[in-house]
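Visitor: Sequence:
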Amino acid sequence: TSAMAACFASVSAIMARMRESWERRIYLTDIEYRSWQKRANRLLSEFMPSSALEAYLADRYMASLFKNMTLLFADICNYTAYAKSAPAERVVSLLTTLFSRFDNLSDTYAVYKVHTIGDAYVASTEPKEGVDKIQSARRMVAFAQAMVEALHAVRLEMSAPDLEMRIGLHFGKFIGGVIGEFSSGLLPVWDNDVSDPRAVGVCSRFVVITATTKINYDIFGVDVTIANQVETAGIPGKIVASDSLRRDPGSDLYNTCT
Numbered sequence: 001t002s003a004m005a006a007c008f009a010s011v012s013a014i015m016a017r018m019r020e021s022w023e024r025r026i027y028l029t030d031i032e033y034r035s036w037q038k039r040a041n042r043l044l045s046e047f048m049p050s051s052a053l054e055a056y057l058a059d060r061y062m063a064s065l066f067k068n069m070t071l072l073f074a075d076i077c078n079y080t081a082y083a084k085s086a087p088a089e090r091v092v093s094l095l096t097t098l099f100s101r102f103d104n105l106s107d108t109y110a111v112y113k114v115h116t117i118g119d120a121y122v123a124s125t126e127p128k129e130g131v132d133k134i135q136s137a138r139r140m141v142a143f144a145q146a147m148v149e150a151l152h153a154v155r156l157e158m159s160a161p162d163l164e165m166r167i168g169l170h171f172g173k174f175i176g177g178v179i180g181e182f183s184s185g186l187l188p189v190w191d192n193d194v195s196d197p198r199a200v201g202v203c204s205r206f207v208v209i210t211a212t213t214k215i216n217y218d219i220f221g222v223d224v225t226i227a228n229q230v231e232t233a234g235i236p237g238k239i240v241a242s243d244s245l246r247r248d249p250g251s252d253l254y255n256t257c258t
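Heads up: the sequence shown at position 233 corresponds to 233 in the working numbering, and the numbers run straight through without jumps.
Hints should not be assumed to be uniformly reliable.
Simulated crosslink set (BS3-like; lysine-lysine; CA at most 27 Å straight-line) [claimed, not checked]:
#1 K67 with K113
#2 K67 with K128
#3 K128 with K113
Here are the computed distance ranges between Cβ atoms for each label pair [unchecked claim]:
#4 G130 with D243: 21 to 29 Å
#5 T96 with D162: 15 to 23 Å
#6 V92 with N216: 20 to 28 Å
#7 K67 with V92: 32 to 40 Å
#8 K133 with I26: 49 to 57 Å
If you are wondering where the hints come from, they were derived from the structure by calculation, not from laboratory data.
Here a beta-carbon is modelled for each residue, glycine too, at the ideal position from N, C-alpha and C.
From just these sequences and the hints, can you work out the full model?
Guide: Structure below.
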């Protein structure tokens with residue numbers, strides 16, 4: 001009886017240690033997972049506006065129609081010729097420097113950067129409900145003016161005097177949506193150390209795994225196409241505004257644009 005009691009006590013002690021070890025691993029894994037989740041959310045916030053991210057993470061995301069939006073398309077003129085004549089490192093450095101300044105300016109003027117395509121920069125009013133169309137249009141015009149000043153500064157710093165920029169502005173609506181999928185989970189790792197029979201088949205830890213395609217928040221619609229056309233038909237070194245932008249948000253924008 002005493003032997004059985006001792007055996008039972010020994011088994012109970014082993015099980016208690018295993019349970020403690022298991023709970024500690026779960027606790028540490030939970031901390032690791034939460035930390036990873038925060039980093040992932042910060043990364044995702046770079047790919048989509050806050051309203052879209054909140055809905056997307058709640059698995060209730062769908063494309064939305066946004067009205068009273070001011071759109072900006074900007075393209076660097078003579079950049080192709082510059083890229084052919086300058087070293088590759090300098091070409092990339094110029095674009096990186098310039099777009100980094102544009103990104104900082106977008107934060108300053110509360111403008112949402114949609115994406116870049118080559119040497120083109122696309123931005124819009126923050127896609128959300130209840131936008132003040134007059135204030136957001138004014139911020140976009142101020143952002144465009146700051147972009148021109150930033151280009152002039154970088155042009156001087158990088159010895160690229162021939163570079164100019166066409167900027168087109170338009171007021172309208174668009175559909176915004178996320179292209180791609182993103183998911184995460186925990187994968188158990190099982191011990192199979194034959195030198196220790198107690199470790200065989202025991203889940204020792206979890207690792208965070210992700211399954212993702214390329215995530216991209218994009219905007220679609222007739223007004224997006226018009227904004228692009230306004231830029232394409234623009235004048236190097238000038239900010240061109242469509243009739244829609246001049247007419248709807250306020251005529252006081254007329255004097256600040258071509």
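Visitor: Each hint: holds or not?
Guide: Hints, one by one, checked against the model:
1. K67 with K113: It holds: about 17 Å lies between the C-alpha atoms, which stays within 27 Å.
2. K67 with K128: Distance of about 9 Å is within 27 Å: holds.
3. K128 with K113: 14 Å, holds
4. G130 with D243: 21 to 29 Å: 25 Å Cβ-Cβ, so the 21 to 29 Å window holds.
5. T96 with D162: 15 to 23 Å: 19 Å, holds
6. V92 with N216: 20 to 28 Å: 22 Å, holds
7. K67 with V92: 32 to 40 Å: 38 Å, holds
8. K133 with I26: 49 to 57 Å: 51 Å, holds
Figure legend: structure checked against the earlier numbered hints; every hint is met.
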